[in-house]
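Undergrad: Chains as they are written, first to last, in our numbering: chain W, 1 to 286; chain H, 287 to 620.
Hints listed in this document are in silico derivations from the structure and should not be mistaken for laboratory results. Where a beta carbon is used, it is the ideal one built from N, C-alpha and C, also for glycine. Heads up, some of the hints might be wrong.
Taking beta-carbon pairs under 8 Å as the criterion, some of the chain H residues facing chain W (in silico) [what the hints assert, rightly or not]:
| id | residue |
| --- | --- |
| 1 | ALA438 |
| 2 | LEU442 |
| 3 | ASP599 |
Covered by chain H, according to a simulated footprint, are these stretches of chain W (three or more residues, beta-carbon under 8 Å) [unchecked claim]:
| id | stretch |
| --- | --- |
| 4 | 111-123 |
| 5 | 206-216 |
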Amino acid sequence: MILRSLIRRWDGLLPLIFVVLWALVGLVSLLWTPYALTDTDGYSVWAAPSAAHVLGTDGAGADIATWLMAGSATEFAIVVAVIALTAVLGVGGVALSVAHSARVRSVSVLVIDALISIPTVVIALILAAPAGASVLAVILACSIVYALNLMRVVRPAAAAAARSQYVVYARYKGVSEWRIFVQHILPQVMPSVIITVSHSAATAILAESGLTYLGIGVPAHVASWGQSLATAARFVTLHPATAIWPGLLITVAVIALNILGDAVRECADPLTNPLLRGDRTQEVKN
Amino acid sequence: MRTSISRTVARILQRLALFALMLWIVSVVIFLALRVLPGDVAAIVAGTNSTQAQYEALRTQLGLDQPLIVQYGRWLGQVISSLWTGDLGTSLITGEAMSTRLASRAAVTFPLILLSMVIALVVGIWTAVASLTSPRAWVRDGLRVLAQVCGAVPALWAGLLLILAFGRGSGLLGVLPTQGFSSDSLVSAAASLLLPALSVGLITGAQFSRYTRSALLEVEKDDYLTWSMAAGMTYAQAVRSTGLRLATPQIISVAGVTFASMITGVLTVESLFNLPGLATILLSDISERDLPAVQTELLLLAAFFLAVGFVIDVVQAWLDPRMAGVSRGTEVQS
Numbered sequence: 001m002i003l004r005s006l007i008r009r010w011d012g013l014l015p016l017i018f019v020v021l022w023a024l025v026g027l028v029s030l031l032w033t034p035y036a037l038t039d040t041d042g043y044s045v046w047a048a049p050s051a052a053h054v055l056g057t058d059g060a061g062a063d064i065a066t067w068l069m070a071g072s073a074t075e076f077a078i079v080v081a082v083i084a085l086t087a088v089l090g091v092g093g094v095a096l097s098v099a100h101s102a103r104v105r106s107v108s109v110l111v112i113d114a115l116i117s118i119p120t121v122v123i124a125l126i127l128a129a130p131a132g133a134s135v136l137a138v139i140l141a142c143s144i145v146y147a148l149n150l151m152r153v154v155r156p157a158a159a160a161a162a163r164s165q166y167v168v169y170a171r172y173k174g175v176s177e178w179r180i181f182v183q184h185i186l187p188q189v190m191p192s193v194i195i196t197v198s199h200s201a202a203t204a205i206l207a208e209s210g211l212t213y214l215g216i217g218v219p220a221h222v223a224s225w226g227q228s229l230a231t232a233a234r235f236v237t238l239h240p241a242t243a244i245w246p247g248l249l250i251t252v253a254v255i256a257l258n259i260l261g262d263a264v265r266e267c268a269d270p271l272t273n274p275l276l277r278g279d280r281t282q283e284v285k286n
Numbered sequence: 287m288r289t290s291i292s293r294t295v296a297r298i299l300q301r302l303a304l305f306a307l308m309l310w311i312v313s314v315v316i317f318l319a320l321r322v323l324p325g326d327v328a329a330i331v332a333g334t335n336s337t338q339a340q341y342e343a344l345r346t347q348l349g350l351d352q353p354l355i356v357q358y359g360r361w362l363g364q365v366i367s368s369l370w371t372g373d374l375g376t377s378l379i380t381g382e383a384m385s386t387r388l389a390s391r392a393a394v395t396f397p398l399i400l401l402s403m404v405i406a407l408v409v410g411i412w413t414a415v416a417s418l419t420s421p422r423a424w425v426r427d428g429l430r431v432l433a434q435v436c437g438a439v440p441a442l443w444a445g446l447l448l449i450l451a452f453g454r455g456s457g458l459l460g461v462l463p464t465q466g467f468s469s470d471s472l473v474s475a476a477a478s479l480l481l482p483a484l485s486v487g488l489i490t491g492a493q494f495s496r497y498t499r500s501a502l503l504e505v506e507k508d509d510y511l512t513w514s515m516a517a518g519m520t521y522a523q524a525v526r527s528t529g530l531r532l533a534t535p536q537i538i539s540v541a542g543v544t545f546a547s548m549i550t551g552v553l554t555v556e557s558l559f560n561l562p563g564l565a566t567i568l569l570s571d572i573s574e575r576d577l578p579a580v581q582t583e584l585l586l587l588a589a590f591f592l593a594v595g596f597v598i599d600v601v602q603a604w605l606d607p608r609m610a611g612v613s614r615g616t617e618v619q620s
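Here chain H stands alone, though its shape is the one from the complex (with noise of 0.2 Å):
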């Protein structure tokens, strides 16, 4: 028991160190990536009508004139150092402060991720058990059928979809708002993510469907569901209580890697119903060559997705003993 605590402990410090390693490796990758560009950001900062002292003014003053190293200096340093002084700066074309912008664009974005995900995996794992047990075999094939086809629809054509039917104004039940954020109360605000974290999330569950179901398959295949059913237990009983529990580790997976793969999703409908949230932001800072900005905000967003394959990592290890050793490629010689 002893020994594999502390190798679950050294797990997660080895996927920590290697956590901040990647992080930094990704920092290089972008950093590089926005130099090679064509595009001078002291150029577009000056305008058309700058003389060449002010241009050579603004570089320095951005630092454009130093070697590329110290850019990335200067530039990881501020980034680390904002974990305790939250400043990363301030926006080049707004002037306005980094850290505010971001947040209250995250205070969009964050809350539509996690309505979406919830959705997800309340919707694939109850279609997914309930495509194994339900007694009638019209809802088996259909709610197969149905996971197939809803898997398939792009997130923009399912928003399209929902607008169409639900939209206030426009829509054949028109009772939800489809433009723009409203905070004033949590319904409203509620309300307005609803149409955009459905479209999003009901793919995504169906998505998340079929992997659950044939997760729920593979436990099927060794004896733990005919052994709970020799102790009394029915199918479905079966399937619900001991398949998910032995399945969860590897469903857990998957919605690591689906979570990844709804973001496209998330920005697209944030987009299409005008929320004030990161795509946005994102989006118009690329169009408009605000590179630092631009380079900050990927960092960030990078960060995020390695610290979520982290926690996943982790819960997972702790969730199966049996996978401590499998993922790192050092399973016993046989």
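Bound-form chain W, shown alone (with noise of 0.2 Å):
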């Protein structure tokens, strides 16, 4: 139903189309690419976009296609546990922070409040500096910080619905805890919690892009948009062209990200999508 009144307008349709076809190539380039990650051409270095190498070669020679197509897969593979830790970690700390005990409430809320301020490229550089740069490390250090950001964001709206009559009407019927966060607070906060999940996909992307160029986030053998940038970016005024193709695919991708995470808040929200609407009231009748 969501994805039905999704595809029906131009900002759901154009991001989702993004969406797939970068999943597809990714998937794709799993088991294809037109030349292996490790392919170097020494005799082509910084070649021309030419029938070989559709978008040119890098300064070692390597296939830029290739690595953008495996870059790809590693990029949403970043975005969709970025997503999921950051949902999961984020709910989490908002059912804390609305929690029914004073003191566990007011210790969360403390807690969150205190290491917002915390930069995702300060909680990489701790991960990294012992073990080294690893797409685990980015994977974290983004949803660590993203889930804080999402606490802050969707508490006050969580807070009132833990107020409202039917919680406290619920309390009284002996529902446990869990219960009533998961079937009363939670569907109330669930379109500020998508938009802000989404925003954290996108904004993952570019923290991958910088972590990686200061050397703390995808190590150098594994392709990721962040990565081919990088690379086109120690010799950019010489070959300019090379640094195109990634910063467009990084910038679309994340304006697409933006867009379809508010296409589908208005598409999951009841209030905004009538089709919902129309939806819940047979489910009350069957």
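Could you fit the two chains together into a complex? Lean on the hints.
TA: If you want it as structure tokens, here you go:
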């Protein structure tokens, strides 16, 4: 139902097409890429786009299109993992911060408020300093920071829902705290959870490119869009064309995720999507 | 009135205690994270040609043969006492004093952060207001699209594009330096910071513009703007004076979060433009495994951001008395 109303609007359909294409290219790259990742053509470094190399080659003679294709898979995995982890950690934190017990509530709110100012890059540095750069460090650093942000953004609405009459009533009836949160509070804040998580996914792509360039993100032998951009950055004044594609891909992906998040929010919210309301009344009738 | 002041003071004290507690926890996390790593500091410093005895001596000298808790205590003691002695130890690799080394780097990074932030705030607030009040529809829509697109650009790419456009030697308009930092005069220093700061400031400003716009729209939902207009203001005046004032606490809180996310960009462009800032020193210390240095640098970095969060929180409580109880999870139960 949400999907159906999503593809009826341009701001849902277009980014959705992009994300599906992105996932498909990523999948294909796991089975087939024009060249192997480690293939370098020493005789044609910095080659211009040609039939043999669609987007040309980089300074080591590696095929740029191959690296971008393989990068799509890594990037997609990072985005999916960040979405999942941010949602789980963030919603868990929200649950604690509106818990019935006043002590749990104030301690968790204090911790959220204090940690919110720590930037991704510092956490990434702490993770990468001992263990070296890794995809996992990128995912963890992004998820921790974005989950804290989600808690802070979603908490006011969740707290309002937690004070509502039906929560009080449910508590009198002896419904467990966890069930109250999942059934009565979470649905109220779902729209803002969706939008925050989708913005987090978009920001994760930006963070990945920055961290990778700094050498504390995706390790050098793993392909990612940030990796391609970082490779191009080193000789940009001599070969500016190589920097165009990864930069453009990242920008379009970020825009797509942002717009898609806004569209999904509107489609998933019964207040803004009449289709969902129709659905719900039918459910009640049955 | 008096109770509200004492509540504010209580809140500041509470936040200060929390700041100290968080800093302590972060210090433990950083210390432990750097201890579980593969790689022995003493072995690296001693080099491959050292004898077993030299290696052992170095371990004793660095205190690595002590139990973890003693090592931690020594480190923490040194960092805390550095508040008045200014002594953060010496780098194991280069033998320089840490404090002078960090101070000279911070003298590049902090102006860069500040300049980026100013650009971001000016661009962000100005475009957000204009995207609501401009009399021409295409300006309003154009600014929104521009904010959406520019906010999606990675700082690294923005830096590259700016180098290609304005960079001296290679750019279309070869006017600005793109490599290194020149501290000869204030003008040349500002010139070498301008492109890096623009790369970060413009995209952060675009992100900031979107949040400011929605904060202003949030204010518009209440009747304040309507009342201002009833009192004789035009819509544009109402947004600029009443709207911005009412949205200030929210804008500050967003600025805090945007500020934290901007730092990745700042460090990235610092290294793209070869500025001798904190990024270069931190990354080289990590790759050279100068762990005692990395440990202190990370702690100082975390302390800086915790302090920024603390200041934002206090300013916010001061600007918006309504917030005083809210953020502490002690709201009135209705």
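Undergrad: Compare the structure with each hint and give your call.
TA: Against the structure, the hints:
1. ALA438: holds, 4 Å
2. LEU442: holds, 5 Å
3. ASP599: ASP599 (chain H) check passes; min Cβ-Cβ to chain W is 6 Å, inside 8 Å.
4. 111-123: Answer holds; 11 residues pass the 8 Å Cβ test.
5. 206-216: Three-residue rule met by the stretch 206-216 of chain W, so holds; n is 9.
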